[in-house]
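Asks: The lines below spell out each chain.
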Amino acid sequence: LNSSALVHALIDGVLTGSVYALMAAGLTLIFGVMEIINLAQGILVILGAYLSYTLSTHFGIDLFLGLLITIPIMFVVGVVVQLVFVARLKGPDKTSMSILVTYAIALVLEGSLNQIYSVNYQQLNAWYVNKSFELFGVYFAYIYVYGFVLAVGLLSALYVMLYRTRFGASIRASLADQSAAALVGINVKMVSTICFGIGVAVTAAGGMIYGATNTFNASSGADLISRLLTIIVLGGMGSIGGAMVGGIMMVTLEDIVGVVWSPIWSTMSFFIVLVIVLSLRPQGIFGKRSARVA
Amino acid sequence: MKRWSNLWWLGGLVVALVLPLLMTNPAYRGIAVYSLIFTACATSWNMFSGYSGYVNLGAAAFYGTGAYSEGLLANHLGMSGGAALFWLVPLAGVIAMAIGIPLGLVALRVRRHTFVVITIAIFFVFQLAATNFSFTGGTAGLTLPFIPWMASYFAVPFYYVALGILIFAIVLSAGVRRSRFGLQLLAIRDDEDRALGLGVKVGAVKLTGFVMSGFVIGMGGAVYALFQGQIYPQFVFDPLFDITIALMCFFGGFGTLLGPILGGLVLESAQQYLTVTYSNGGSLYLILFGALFLLVILFMPRGIVVYARDWWNRRESRAEAAQLAATVGANS
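For the protein sequence lines, the chains are A and B, in the order given. For the first sequence, my numbering gives the first residue as 1, with consecutive numbering after it. For the second sequence, my numbering gives the first residue as 295, with consecutive numbering after it.
Please note: incorrect hints may appear among the correct ones.
As the list claims (entries may be wrong) - Covered stretches of chain B (chain A as the covering partner; in silico rule of three or more C-beta atoms under 8 angstroms from a C-beta of chain A):
id, region
1, 312-321
2, 338-345
Stated by the list, open to error - Here's a subset of chain A near chain B, in silico, CB distances under 7 angstroms, partners left out:
id, residue
3, R88
4, Y103
5, L107
6, S118
7, D177
8, Q178
9, A222
10, L229
11, T230
12, S262
13, I264
14, P282
15, I285
Unchecked claim - Some chain B residues flagged as far from chain A (calculated, every beta-carbon gap over 10 angstroms):
id, residue
16, V349
17, A378
18, H407
19, T408
20, F418
21, N426
22, F440
23, L477
24, P533
25, Y579
26, F583
27, G584
Think of the hints as simulated: they come from the structure by calculation, not from any bench. Ideal placement from N, C-alpha and C gives every residue a C-beta, glycine not left out.
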């Protein structure tokens, strides 16, 4: 067995996994606060990647600098999706209905992106995408490290916002109990809208890094959402820490299985781990089990 | 209205039986075959998901398993192309059911929304497996025995087989709906904890329903495979299949008997017609389909059948009220 390949798998697992963790954190935040499963998260990541693509190829704006434009755009997209579609869903079937509504939104977005950008695969380009450096005898493109730093930075910002600010306390209160939060004077509707915006805004950053480290077209969204969903189910739905552990676990496991055994089994291995974890702990690693779940 | 309902079913059956004789264009016959297959799958899907409220977005795992079982069995048994291949269709359905047992045991451990997510994940495992394993032929797909029938006649036997499967699915779904088992499924949909408290063996009921729904969907996949003659992982394990089936049921009426039939026939024939007519309509279709889906869920969340029935009831009660008012007016 090639040990440097194993080291590469481990480092890549942490570097790339953190980016998945960031995208999944948005998904799990939306679920935790509103019990909405946003199946459009995958295609929104791709939309974020295409926005970065347009900014860098047509306007020559650097990928990371462009985030100052794409993150606010994606935030607004999230707010619009919440206000126009998701806020209408009420009642006991809300979660199931949200899956269908956001799936429909994903289909419309996928069709539109196909029309605008064609189905040809694209990849984002910059000097740090092509240049690499050596780490423990393994070569990495700079984008992996920059992406890691960005993802960790944004996740920390999310953490500080959630646990060190007044607004974060409102979010956590809404996470714990919506009606109790409303009773103590929290504007739950406002909190939900902003949370949806934040949950979608992270796809701008995630999409840029994804687009720089992978080739993509609109149909890549389906693959992404299945990964993001399994990450948050594994970590425990509604738990941001769970999203981080799940994201890093997924990529590391895939890489290691790919090196040790065969790339054919790498993606499947993660799904198998998911199945095993759920058989032992149906609520996920960090998930809380409600007393009465509808 | 109730008295006429049996006549409606009979009329529908007669139309379905003579339709291929009236419709001679092979392209339209092909559309009819696909519509019947999808409607049968939607009816069967609704029998579990619609009645129990557990939305299964991994039904393509059954469909693809049926398709690959049909292809692999036919090839390994060395069968030549002909009507005998249809005998393998129920067997393919049984294999899909058998696959459903372990899937159900895993997926049904969790409640509703997590169930949806896990069915999606399981579906992707199947798609990956079909793409990566060598016995499935990988991305090159699987070729089934060539059926040497004339093009003008080719779709007709498929039409009647698919119609038979659809009728079976409808009878099964209606039977389940009226049975004790069906009531247990409905009780789970309304309040699972209370059903459990009242002594419904929730786990066994859910698993049985889930596995049962796999039979018709697996047979649908098998007929599709025969009709196509060649299958690929991404077309039989298609995420769009999952969502199409769900849309058909929601469009027609989630959890009703008539809903998926109506939704399946209307949506699948519309989609097939668009694909046949516009060659480059792939992404346009996605946009239209998604937009229609959004409209249905946001404005008619309970489906056309329920919507129409409510409208009819309101009209009748209005007419009665008007009549009553007229009588009262005449008497005073």
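Asks: For each hint, tell me whether it holds in the structure or not.
Replies: Here is what the structure says about each hint:
1. Check on the region 312-321 of chain B: 0 of its residues sit with their Cβ under 8 angstroms from a Cβ of chain A, so the three-residue criterion for coverage is violated.
2. For the region 338-345 of chain B, the stated coverage by chain A is not satisfied: 0 residues place a CB nearer than 8 angstroms to a CB of that chain, which falls below the threshold of 3.
3. For the restraint placing A:R88 at the interface with chain B, the shortest Cβ-Cβ distance is roughly 6 angstroms, inside the 7 angstroms limit, so the hint holds.
4. Hint on A:Y103 holds. Least Cβ distance to chain B is approximately 6 angstroms, under the 7 angstroms limit.
5. Satisfaction of the interface hint for A:L107 is found here, the shortest Cβ-Cβ separation to chain B being roughly 3 angstroms, below the 7 angstroms cut-off.
6. Interface restraint check for A:S118: the shortest CB-CB distance to chain B comes to about 9 angstroms, outside 7 angstroms, so the restraint is violated.
7. Hint status for A:D177 relative to chain B: violated, with the closest Cβ pair at about 18 angstroms, above 7 angstroms.
8. With a least beta-carbon distance of about 16 angstroms to chain B, the hint placing A:Q178 at the interface is violated under the 7 angstroms criterion.
9. The closest approach between the C-beta of A:A222 and any C-beta of chain B is roughly 5 angstroms, which is under the 7 angstroms cut-off, so the hint is satisfied.
10. Below 7 angstroms, beta-carbon pairs count as interface contacts, and A:L229 has one with chain B at about 5 angstroms; its hint therefore holds.
11. For A:T230, the shortest C-beta to C-beta distance to chain B is roughly 5 angstroms, which falls under 7 angstroms, so the interface hint holds.
12. Hint status for A:S262 relative to chain B: violated, with the closest Cβ pair at about 9 angstroms, above 7 angstroms.
13. With a cut of 7 angstroms, the hint placing A:I264 at the interface with chain B holds, because the nearest CB-to-CB distance is about 4 angstroms.
14. The interface hint given for A:P282 is met, as the beta carbon of that residue sits about 5 angstroms from the closest beta carbon of chain B, less than 7 angstroms.
15. At about 13 angstroms, the closest approach between the beta carbon of A:I285 and any beta carbon in chain B exceeds 7 angstroms, and the interface hint on this residue is violated.
16. Against chain A, the non-interface label of B:V349 is violated: not every CB pair exceeds 10 angstroms, the least being about 5 angstroms.
17. With a minimum CB-CB distance of about 35 angstroms to chain A, B:A378 clears the 10 angstroms threshold, and the non-interface call stands.
18. With a cut of 10 angstroms on Cβ distances, B:H407 falls inside the contact zone with chain A, its closest approach being about 4 angstroms.
19. The claim that B:T408 lies off the interface is violated: its Cβ sits roughly 6 angstroms from the closest Cβ of chain A, which falls inside the 10 angstroms cut-off.
20. The claim that B:F418 lies off the interface is violated: its Cβ sits roughly 5 angstroms from the closest Cβ of chain A, which falls inside the 10 angstroms cut-off.
21. Its beta-carbon lying about 4 angstroms from the closest one in chain A, B:N426 breaks the requirement of being farther than 10 angstroms from that chain.
22. Separation of B:F440 from chain A is adequate, the least Cβ-Cβ distance of about 30 angstroms exceeding the 10 angstroms criterion.
23. The non-interface label for B:L477 is consistent with chain A: the shortest C-beta to C-beta separation is roughly 19 angstroms, beyond 10 angstroms.
24. Not every CB of chain A is more than 10 angstroms from the CB of B:P533 (nearest about 5 angstroms), against its label as outside the interface.
25. Separation of B:Y579 from chain A is inadequate, the least Cβ-Cβ distance of about 7 angstroms not exceeding the 10 angstroms criterion.
26. Once the 10 angstroms rule is applied to beta carbons, B:F583 is inconsistent with being away from chain A; the minimum gap is 6 angstroms.
27. The Cβ of B:G584 sits about 3 angstroms from the closest Cβ of chain A, inside the 10 angstroms cut-off, so the non-interface label is violated.
Hint compliance for this structure: hints 1, 2, 6, 7, 8, 12, 15, 16, 18, 19, 20, 21, 24, 25, 26, 27 are not met, and every other hint is.
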